[in-house]
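So the chains spell out like this:
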Amino acid sequence: MITAQNIRKSFGHAHALKGVNFHIKKGEYVSLLGINGAGKTTLIRIISALTKPTEGNIIVSGVPLKKNPNLIRRLIGVMSHFTFLYGDMSAEENLKFYGNMYNVPDLHDKIDQLLVKVNLNTRRYDLVRTFSRGMQQRLSLARAILHDPHILLLDEPFAGLDVNAEKLLTDLIHDYVSGGMTILLTTHDINYALRHSQRIFVLKEGELVKDDVSGALTRNEIAELLSV
Amino acid sequence: MIALKQILAILRKDILLELRSKDIIVSMCVFAFIVVIVFNFTFDPTTQQIKISAPGILWVALLFSGNIGLSRSFAREQENSMMQGVLLCPVDRSLIYIAKVIGNVIFMTIVQLIILPVMVILLDLSIGHVLPQLLVVLFLGTLGFAGIGTLFSTISANTKSREVMLPILLFPVSVPVILSATKSTAYLLSGKDIGQSLSWIKLLVGFDVIFLVICFLLYEYVIEE
Numbered sequence: 004m005i006t007a008q009n010i011r012k013s014f015g016h017a018h019a020l021k022g023v024n025f026h027i028k029k030g031e032y033v034s035l036l037g038i039n040g041a042g043k044t045t046l047i048r049i050i051s052a053l054t055k056p057t058e059g060n061i062i063v064s065g066v067p068l069k070k071n072p073n074l075i076r077r078l079i080g081v082m083s084h085f086t087f088l089y090g091d092m093s094a095e096e097n098l099k100f101y102g103n104m105y106n107v108p109d110l111h112d113k114i115d116q117l118l119v120k121v122n123l124n125t126r127r128y129d130l131v132r133t134f135s136r137g138m139q140q141r142l143s144l145a146r147a148i149l150h151d152p153h154i155l156l157l158d159e160p161f162a163g164l165d166v167n168a169e170k171l172l173t174d175l176i177h178d179y180v181s182g183g184m185t186i187l188l189t190t191h192d193i194n195y196a197l198r199h200s201q202r203i204f205v206l207k208e209g210e211l212v213k214d215d216v217s218g219a220l221t222r223n224e225i226a227e228l229l230s231v
Numbered sequence: 393m394i395a396l397k398q399i400l401a402i403l404r405k406d407i408l409l410e411l412r413s414k415d416i417i418v419s420m421c422v423f424a425f426i427v428v429i430v431f432n433f434t435f436d437p438t439t440q441q442i443k444i445s446a447p448g449i450l451w452v453a454l455l456f457s458g459n460i461g462l463s464r465s466f467a468r469e470q471e472n473s474m475m476q477g478v479l480l481c482p483v484d485r486s487l488i489y490i491a492k493v494i495g496n497v498i499f500m501t502i503v504q505l506i507i508l509p510v511m512v513i514l515l516d517l518s519i520g521h522v523l524p525q526l527l528v529v530l531f532l533g534t535l536g537f538a539g540i541g542t543l544f545s546t547i548s549a550n551t552k553s554r555e556v557m558l559p560i561l562l563f564p565v566s567v568p569v570i571l572s573a574t575k576s577t578a579y580l581l582s583g584k585d586i587g588q589s590l591s592w593i594k595l596l597v598g599f600d601v602i603f604l605v606i607c608f609l610l611y612e613y614v615i616e617e
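The listed protein sequences correspond, in order, to chains A and B. Okay, so the first sequence: first residue is 4 according to this note's numbering, each after it adds one. Okay, so the second sequence: first residue is 393 according to this note's numbering, each after it adds one.
To be clear, the hints were calculated from the coordinates, so they are not data collected in a lab. Be aware that a few hints might be false.
As the list claims (entries may be wrong) - One side of the interface only, derived from the structure: several residues of chain A facing chain B at Cβ under 7 Å:
1. Phe25
2. Leu53
3. Thr57
4. Glu58
5. Asn71
6. Arg76
7. Arg77
8. Val81
9. Val107
10. Tyr179
11. Ser181
12. Tyr195
Stated by the list, open to error - Residues from chain A that keep clear of chain B, each with C-beta distances beyond 12 Å, as calculated:
13. Thr86
14. Lys99
15. His150
Note that this is a predicted model, so its numbers are computed, not measured. Virtual Cβ for every residue (Gly too), placed ideally from N, Cα, C.
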């Protein structure tokens, strides 16, 4: 589903990614762990076609990113700690805007369904800036999956959320995992990654130092790898 | 068809946000109004001097207020990394440019429609006989300025001192458009050499086409890292 071939990214003399290789299969839920500056966000930005790699290639569903970035953008939904929602627009107006950008068919019905699913139907006409952080993140998830992507990239989506909001968002994400969606999540939370994902990547100083498919990796081993 | 839908979606969103906040049009109008008022106090409106200076006053007011509008329009997209959300969508970057240029032209035209009557009254100008031609020149000048400005406001939005960077980058490059627009307006308002203004208008159209095509082609490289 997602293949990374020798991905390198440099910003001047700083090397954010130093030759990352992996293959994520369809329907896998992968957690990408790493401390600040490990290169997690850079990797997510490259996969989502926001940043070009200095070297290497990303192939999504058999399509090289360099060849058709817009097709890959259509296959991917991205949710980050930034909500990408306009505060001076209502929940419905935000989804309508993004729906038109993705040319989503039957947009009104789709928006109705999603707002019910993320439990924001009663707040659909309210401006997003009046929402709590948890509500904004739920709406951000609706925005990310509005166009029925095959892959969901989650870049620290739980940043700034309280326990209830995190649980609500986790349940929503699990619905999509059980629906067969491929998920790549970046997080600092080792326990969360161990509890929820099927596979764990550990990224350290721009290198993929561990790819654990077996589920045998323990919290302490990961912490040691991360030097936490 | 999808491209048109995407352009309209960005345009509708920008207009909606401006209708809610009004921060672009209000700040542009206030600045343009202050410029006209200052010149009104500086020159005696009854003298010939003001008639000669009027085209310059008009374009100084419009261009500097336009600079504020361009700066604001992209600053809004930078807050909370909103532009990233748009860039995640499967949209050609050149379509974002087209939508942004149209939006900036609309905002600048609204300011012109407010400032022009104010200026006519305060500076005692008679523009009735050349109004259609003047509106064409204003539109062409605005189109060229917004075309270049949209590209440079995107570049400067990614810098730390964007408020300073934008005019430094924008005004030197816009000189051909500013010169043609000011000269066309001067000939039109003088009422004598209306035929002469036509050659400047042709030049203005030429510069508009050149700048819009170049900026359209470059935008993809500017907006992406």
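Going down the list of hints, with the structure as the test:
The closest approach between the C-beta of A/Phe25 and any C-beta of chain B is roughly 21 Å, which is over the 7 Å cut-off, so the hint fails. Taking 7 Å as the C-beta cut-off, the interface hint given for A/Leu53 holds, the closest approach to chain B being about 6 Å. Using the Cβ-Cβ criterion of 7 Å, the hint placing A/Thr57 at the interface with chain B is not satisfied: the shortest such distance is roughly 11 Å. For A/Glu58, the interface hint is violated, the least distance from its beta-carbon to any beta-carbon of chain B being 15 Å, above 7 Å.
Restraint check, A/Asn71 versus chain B: the minimum CB separation of about 10 Å is more than 7 Å; hint violated. The beta carbon of A/Arg76 is positioned within 7 Å of a beta carbon in chain B (closest approach about 4 Å), and the interface hint is therefore held. Proximity of A/Arg77 to chain B holds as hinted, the smallest CB-CB distance being about 5 Å (cut-off 7 Å). Annotation: interface hint on A/Val81 holds; nearest CB of chain B at approximately 5 Å, less than 7 Å.
Restraint check, A/Val107 versus chain B: the minimum CB separation of about 11 Å is more than 7 Å; hint violated. At a threshold of 7 Å, the smallest CB-CB gap from A/Tyr179 to chain B is about 18 Å, leaving the interface hint violated. The closest approach between the C-beta of A/Ser181 and any C-beta of chain B is roughly 25 Å, which is over the 7 Å cut-off, so the hint fails. With its C-beta approaching chain B no nearer than about 24 Å, A/Tyr195 sits outside the 7 Å limit, and its interface hint is violated.
With a cut of 12 Å on Cβ distances, A/Thr86 falls inside the contact zone with chain B, its closest approach being about 7 Å. At roughly 8 Å from the closest C-beta of chain B, the C-beta of A/Lys99 falls inside 12 Å, breaking its exclusion from the interface. Interface exclusion of A/His150 from chain B breaks down, the closest Cβ pair being 9 Å apart, not more than 12 Å.
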